[in-house]
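Following the hints, complete the assembly by docking chain B onto the known chain A.
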Amino acid sequence: NAGVTQTPKFQVLKTGQSMTLQCAQDMNHNSMYWYRQDPGMGLRLIYYSASEGTTDKGEVPNGYNVSRLNKREFSLRLESAAPSQTSVYFCASSYEGIEAFFGQGTRLTVV
Amino acid sequence: DQQVKQNSPSLSVQEGRISILNCDYTNSMFDYFLWYKKYPAEGPTFLISISSIKDKNEDGRFTVFLNKSAKHLSLHIVPSQPGDSAVYFCVGADKLIFGTGTRLQVFP
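For the record, the sequence lines run as chains A and B.
Each residue of the first sequence is one higher than the one before, starting from 1 at the first, in my numbering.
Each residue of the second sequence is one higher than the one before, starting from 1001 at the first, in my numbering.
It should be emphasised that the hints constitute simulated quantities derived from the structure, not laboratory data.
Just so you know, not all the hints are guaranteed correct.
Claimed, not checked - Cross-link-like lysine-lysine pairs, in silico, DSBU-like; alpha carbons within 30 Å at most:
id, chain 1, residue 1, chain 2, residue 2
1, B, Lys1005, B, Lys1056
2, A, Lys71, B, Lys1037
3, A, Lys57, B, Lys1005
With the rest of the complex left out, here is chain A (with noise of 0.2 Å):
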């Protein structure tokens, strides 16, 4: 019964590294999301995938890419990390776009 998870839990980065967080589903969701929470901000939308083969932006996309790879999986990419990317980062699965569900998240630094 994992629902969605999420790794890595937690990153340090070098400004100009590159990473991939994975996420992975196994309830069977049609869309699934990518977030960063940060202080005051609340969640902000980065990218979601409305179905497998499918994305698209969110309230915040600069600076990342994704990649819905099988109905069970979406990626976030970080190209080149800056500090301002430094954020707790989540992912979600939802059926039909409502009840989403959520990953225990991942916690980002670029230094």
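What follows is chain B alone, placed relative to chain A:
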């Protein structure tokens, strides 16, 4: 342009009393609204939703009210319990757009 706004960053309520959390939105295309609850170091969890064609939805101690003409919704928690202490997010469902959250503290 913030599509979902929660103007009260925090709220403190005595146990047993009513908690009222407010939310305003600007996007008329939202067809559902949801409330999520979040504890520290955890992902948000779904609490209650309301369709844009309804004006009220109730689930146990939680009731959500929607006023479409005012583009305003509220979450009522009655009675409030210490375990309700968390951050509450109002969410507009079309791509699940979150508000900035209200931290609720319920004290004995």
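Q. Failing hints, ascending?
A. none
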